[in-house]
Amino acid sequence: MLDTGLVAAAAFGYLFLLFAIAYYGDRQRGRGRSIIANPYIYALSLAAYCTAWTFFGSVGKAATSGVTFLTIYLGPTIIAFSWWFGLRKLLRICKENHLTTMSDFLALRYGKGAFLGALATVVVLLAITPYIGLQLKSISSTFNILVYQEAAPPLAIPIYQDTAFYVALLLAMFGILFGARHLDPTERHEGLVAVVVFESIVELLAFVSLGLLVTFGLFPGWGEIFRRIQESPEFHQLLLVNTGPHNSYSFLLVLTFLAMGAIHFLPRMFHMAVVENTDERHILTAIWLFPLYLLLINLFVMPIAFGGLLLGLPPDQADTFVLRLPLQTGHPYLALLVFLGGLSASTAMVSVASIAVSTMLVNSLVMPLAIRLRLQERITPHLLTIKRSAILLLILLGYFGYHLLFPTVMLVDIGLIAFCGVMQLVPAMLGALYWREANRWGAIAGLGSGFLLWGYTLVLPYFVEAGWFSPTLLTAGPFGLAFLKPTAFLGLTGLDKLSHTFFWSMFFNAGAFVSVSLATTPSPVEEEQARRFVGVFEQERELPLEKRYTSFPSLDHLTLFLESLIGHRKAAAAMRAFLQEVAIPESEWGDREKIRLAGFVERTLAGSIGPAAARVIIEGFLSSLGSRMEDVFDLFSRISSSLEESEQQLRRRVAELSVLFEAARRLAYSPYIPDLLEGVLGVLEEQLGIETCAVRLLDEKGFLHIKGSRGLPPEAREQVVKPDPESLLGQCLATFTPQVSSPGDLPETAPRLQGLRQEEILGSLVLAPIATETVTLGVLTAASSQKGFFTREHMEFFQSLAGQLGLAVRTANMEEALRLDESRLEAVWQISRMTKGTIKEITDFAMEEGVRLTKSKIGYLAFMNEDETALTMQAWSRTAMEECIVADKPLIYPLETTGLWGEAVRQRRPIITNDYGAANPFKKGYPPGHVEVRRHLNIPVLDGDHIVAVAGVGNKDDEYDESDVRQLTLLMNAMWWQIKRQREEEALAAEVERGIYFQKLLIHTCMDGIVGNDMDGIIRTFNDTAAKIMGYEPGEVLGRMNIRDLYAPGRFQEIEAKIHNPFYGGEGVLENYESLIRHQDGSFIPVWLSARLLKENDREIGMIAHIKDLRDRKRMEEELLRSERLAILGKMAAHISHEIKNPLMLIGGFARQVLKDFTQDPQKNLEKLQIIVDEVKRLEDFLVEVGSYAKFAEPQKKPGNLNALIQETCQRLEPSLRESKIDLVLALDPGLPETQFDPGHLRQVVLNIAKNAIEAMDTGGTLTIATGRREDRVFLTVGDTGVGIPAEVREKIFQPFFSSKPKGSGLGLAISQKIVQAHHGEIIIDSEPGKGTQVTVYLREESAGSA
Amino acid sequence: MPAGTNKRKLLALLGILIFLLLNPPLMQTFNREASLGGIPALVLYIHLVWILAIAGLYAFSRSSSRE
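Chains A and B are the protein sequences, given in the same order.
First residue of the first sequence: 5, per my numbering; consecutive thereafter.
First residue of the second sequence: 875, per my numbering; consecutive thereafter.
It is worth saying that the hints were derived from the structure and are not from the lab.
Each hint should be verified, as a subset may be incorrect.
What the hints assert, rightly or not - What follows is a set of in silico ranges between Cβ atoms, one per label pair, in the way DEER data are often shown: (1) Arg-906(B) with Ile-205(A): 32 to 42 Å; (2) Ala-886(B) with Tyr-44(A): 36 to 46 Å; (3) Pro-528(A) with Arg-906(B): 55 to 65 Å; (4) Arg-906(B) with Gly-316(A): 26 to 36 Å; (5) Arg-31(A) with Arg-906(B): 52 to 62 Å; (6) Ser-937(B) with Ala-523(A): 20 to 30 Å; (7) Ser-937(B) with Glu-381(A): 46 to 56 Å; (8) Arg-906(B) with Lys-99(A): 47 to 57 Å; (9) Arg-31(A) with Ser-937(B): 44 to 54 Å; (10) Leu-629(A) with Ala-886(B): 29 to 39 Å; (11) Ala-886(B) with His-572(A): 46 to 56 Å.
In this text, a Cβ means the ideal position worked out from N, Cα and C, and glycines have one as well.
Construct the complete structure from the given sequences, taking the supplied hints into account.
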């Protein structure tokens, strides 16, 4: 008995101490210096397992059933063996997903559905409530015992007097203060953990102290206690097991299993073991430290229990032996310590459990419900309040529940009820961790059925006992159905209550879980979660991107969203953490990062409101923004689905591919064959560890040369082998397939080893052909004495490798050839540009290039003479010159004495001598001091059939081949061509020179003046004759004067015009044209010129004119004209006097006769007088004609119709026509335009011509008069069919006084011509004697033009 | 790691062993009225097995945390 006040004070003091510790723990965490991040702390925190139940109940159980109580603690010890795998997995998953309760875990795993979480919460709640209640009860009853020595009878005290009630309130406050100060997504409460650990230590201390007291204080030791119990008849069976149903092996087994389940899935245990864990590795300490703690704390249970029994305490008070013993044996302060220990145990359990379960309530019941009712916005700001209320509620519920339902039950049994209850979670939890096929329906079915059976078979009987239901339920079953009896379900009897419940609940639970899971298919979300859960330890790989988000919100937007739910600080911290994790700035994010962010936000939220709620909220948020998950096109889905290989094969293939890739990389690195070979050999040696490998390449003759090797001695490179068809090498080449040989095959395949080196045949050998599609290039060999046999898969691999090599070698060869071609083209091009170079420069260049392109060391070039008998050295390569020290190098070599290098000429083809040392009939050696020749190539340079030169190169490192011949030939040909062209050009230039000289001569010695001008008129050509004519010096004129100035004003324009007119000799031609040029002194010189337009490509570029000085001729013409005129005048005078004389004679004669014979015959006198008058008339007419001829008046031209005039004239002619029987034909052009003419004059002309025509046709004929237009002239023709006019007459016909008629004056045509000329026309006579005559008169259509 | 999996197998083996030790066949052998130094056989047996379990767990923990 202790003073109430003391006890109360002690209690409060102790609680205050706990507060302080908790506060300190939380503060340290806030400062970042966690006091509990320590494996020992973690291990001891698990001691929350030991509640008042341990403290009091174990003793109670030991006193009643003996050793069986140990199973509760052995269970955890056994299951600790699995913690490093199982618990760690659970831990990993929960940490990754921010899971803080079991219901969240289940909800997340099984499709993020809320129902399962809610169900789990309900199960746990119902299982735990009585447990909480029992803690409260134990506190109050122990308090009472301590103070009153008696526990108060239940139900006797009103609530407000019940200490337990106040304790409940106190504990609620405690829980709120240290578990619900704020909403922490991680739900870690360091203060609480510190308290728990502290309390565990206090418990242990108290218990051990008591134990020591009892064992060694009250009794002489363990042995004594046990011995006395053994001897005690009523208690000795406590030392054995399996003596009855209450401690049968099956019962023990059940208890062990229950303990194994409870240690994980009691809410407080889950919280301490999983949620409060700071580091996975702490588990390693917990697995041994915790069982050790359990061992220690249970060491003294039996002594205390048995001691109590031995001291006579009633067994049904065994729960409180721990208090009664010290009290009754006079150790009240120890009792107080024990009380405090018990208090510790209870408070720890209640606080942690209430916090854990309230979190479950909020996350799995409240939030999903709120979302369902669309109240989440209203609820979220109040989440903390809700949580706190839940804590209070829970504790009070425990209190009331206990009061109402379990007042009489022993502590230990209540505990077992709870254990069995949380056991229902085990199948679902295990399935979540290890079974991918487990799905939601299975979990719900299992949990539901297990829960129901648990309730029905275990809880219900207690209700019945408490009086809530009629006892017949137990005895006869519900509705009288005996096989549904709660304690003998389906007729199963013989088991104790617990085992019975355990069996049925687990049977239905697991059975439903498995069968329903198998029968249904998980949703894609579940599958995803299953994969993530079950494979959490393999999660390190990147998952393929199969989905992406559309219109994903920005980081800021999401942060705001988070803030609205968990507060600004936490949201910002979370986002910062995410950014650090991702380490890429937002602008560079791809779909993968966005999905990660979505998941991260969801998980962060899940920590505060549970995964189911978080998922719904996030999805709601995203879809309200229009953001959706959509499938990503899996580009490789077809390939990956067609890959049917096992993981083993795939792994090997990846390894192969990585080696091939490395090889390909090295092969792409360089275009040079030695590098390529080294690359591949390097891969074989470094990556595959093959010590001996070689690459052999084929040359043109079919010999294999080792071009690269590893593990072979250097002289191997010299080996040249022609592979035998039977040998492995030969077979490999022929069949394009790899060959293998192993040491065991050796005796059989000895002949087949031809060509292979000793080192290669020591171990296993594989040969792979290096080939492209159709061409084999060589063989790749790999040999190893350590690797074992080469299998078919290896052969395929080597085939691939060799194939790659083949391709690369072929490409390298092609590129090499290309490069060489390029170089050659470059050289040839250079040569072609050397148009200004001398022959020496060209040949030297060609020589050097030839040496370079054929990779030779020396070279020479010699020209051949015309008859191909001697060679003249032209050029040597520089190195040849330097090295050769032969004195007196002759330049000319007769062909007969030349050795091999002359063979190229004699045989008229290129000669390759790859080994000068070998015997050769044509060899004639070379003089001492000459540079040593090891191998050389000589080619003849041909021009058509003719050899014009010989070129040679020598001392190439490798052998000369056709490619070199090609190079050299093309180069030399280019060179020769260039030389030839130069020579031809020179000849051409000389010829051109001569041509020009000759031309100049021609121009200047011409007797005519030659003047040429360009389009601007500038004089470009001006020969000496022109200079003489015009009085200028050529220098004054050339390039200075304009052609227009050389001509009389306006004359050049005329010429220009006429030259373009095709009428004057042709288009661009002017022939026989008279014009006037101007002498230097200003006088005009008449000239006769021919001109041509100069054209180039149909373009006028100038004009050339030949000019003849007409002055002399003109003078002569004038004189001739004058003398002609004089002659004509003379003739005219003679003619006139003659004409006058005759009539005058007649007149005189007859007049004299009349005078004489006046009186004579008057008739004769009349006749004679008549003759005199006629003669006088004739004279008058004649004189008129002469007169009209002399005073020829200017015609008065006026426009008139020619046709009209002709018709008029014809009328006058009619009589004459009729008389002479002449037909008249008129062919007058009706479209004749008006012409300018003097009608009088023209009439005269027409009359004249017509008269002549008529007189010509004195025996009749046809007179044809026609008019018309021809070009720009009007013409009229008068044609007759008379006697015609002979040629010699036609010449003179226009001369005055010339007449072919006896009576003609001879002036008619002369006058006509004058008239026509005055009209700027002309008369043309065409006549053929005997046929007829046609006279054509041309008149200008237009009026008088230029002067 | 090969060493790791071997250790794990060993641990699992020990766990199963402990479990079996605390079950009928072997338990029964000690389930009699005998005692050693005053302590009943069963009690002693159980505690010894318990200590063995703790020792094994401790050994595993030590070697695992050394990696």
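Hints and how they fare:
1. Arg-906(B) with Ile-205(A): 32 to 42 Å: 38 Å, holds
2. Ala-886(B) with Tyr-44(A): 36 to 46 Å: 26 Å, violated
3. Pro-528(A) with Arg-906(B): 55 to 65 Å: Since Pro-528(A) and Arg-906(B) have Cβ atoms about 60 Å apart, the given range 55 to 65 Å holds.
4. Arg-906(B) with Gly-316(A): 26 to 36 Å: 28 Å, holds
5. Arg-31(A) with Arg-906(B): 52 to 62 Å: Given a distance of about 57 Å, which is inside 52 to 62 Å, the answer is holds.
6. Ser-937(B) with Ala-523(A): 20 to 30 Å: For Ser-937(B) and Ala-523(A) the Cβ distance comes to about 45 Å; the hint is violated.
7. Ser-937(B) with Glu-381(A): 46 to 56 Å: 54 Å, holds
8. Arg-906(B) with Lys-99(A): 47 to 57 Å: 49 Å, holds
9. Arg-31(A) with Ser-937(B): 44 to 54 Å: 37 Å, violated
10. Leu-629(A) with Ala-886(B): 29 to 39 Å: Hint violated: Cβ distance 50 Å, outside 29 to 39 Å.
11. Ala-886(B) with His-572(A): 46 to 56 Å: Taking Cβ atoms as reference, Ala-886(B) and His-572(A) lie about 49 Å apart, which means the hint holds.
In terms of the numbered hints stated before, the structure departs from hints 2, 6, 9 and 10, listed from lowest to highest.
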